[in-house]
Amino acid sequence: ITVGVSNVSFGLRSRSLLNAAFLTNAITHGLDSPICDPTDPAIQRALILGELFAGMDRYCRHYSRAERQGLFQE
Numbered sequence: 134i135t136v137g138v139s140n141v142s143f144g145l146r147s148r149s150l151l152n153a154a155f156l157t158n159a160i161t162h163g164l165d166s167p168i169c170d171p172t173d174p175a176i177q178r179a180l181i182l183g184e185l186f187a188g189m190d191r192y193c194r195h196y197s198r199a200e201r202q203g204l205f206q207e
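Numbering (this note's numbering), first residue to last: 134 to 207.
Hints in this document: simulated from the structure, not taken from any laboratory. No experiment lies behind these values; they were computed from the predicted model shown. One should not assume that every hint holds.
Claimed, not checked - Simulated restraints on C-beta separations:
| no. | residue 1 | residue 2 | range |
| --- | --- | --- | --- |
| 1 | Leu145 | Arg194 | 31 to 41 Å |
| 2 | Arg146 | Tyr192 | 33 to 43 Å |
| 3 | Arg146 | Arg191 | 30 to 40 Å |
| 4 | Arg146 | Pro171 | 19 to 29 Å |
| 5 | Tyr192 | Pro171 | 19 to 29 Å |
| 6 | Arg194 | Arg146 | 29 to 39 Å |
| 7 | Phe143 | Cys193 | 31 to 41 Å |
| 8 | Asn158 | His195 | 13 to 23 Å |
| 9 | Phe143 | Tyr192 | 32 to 42 Å |
Here a beta-carbon is modelled for each residue, glycine too, at the ideal position from N, C-alpha and C.
Model the full assembly from the supplied sequences, consistent with the hints where possible.
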């Protein structure tokens with residue numbers, strides 16, 4: 134399944150937040166290849182969290198690495 138992630142938020146405010154939420158949900162429902170902006174920090178976090186929630190991040194290694202690198206710092 135391939136999806137243009139930003140299509141869901143076209144014309145809406147807070148596009149980055151909406152795209153990230155949609156991406157996380159789509160990954161947990163079988164999305165294989167998202168078309169998205171990989172430089173957006175919200176998208177980077179959503180990719181990692183989507184894989185984590187979908188059971189694709191064995192032993193939480195990608196999440197743990199991203200956490201240590203500060204990707205989830207506010």
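Could you work out which earlier hints the structure fails to respect and list their numbers in ascending sequence? none
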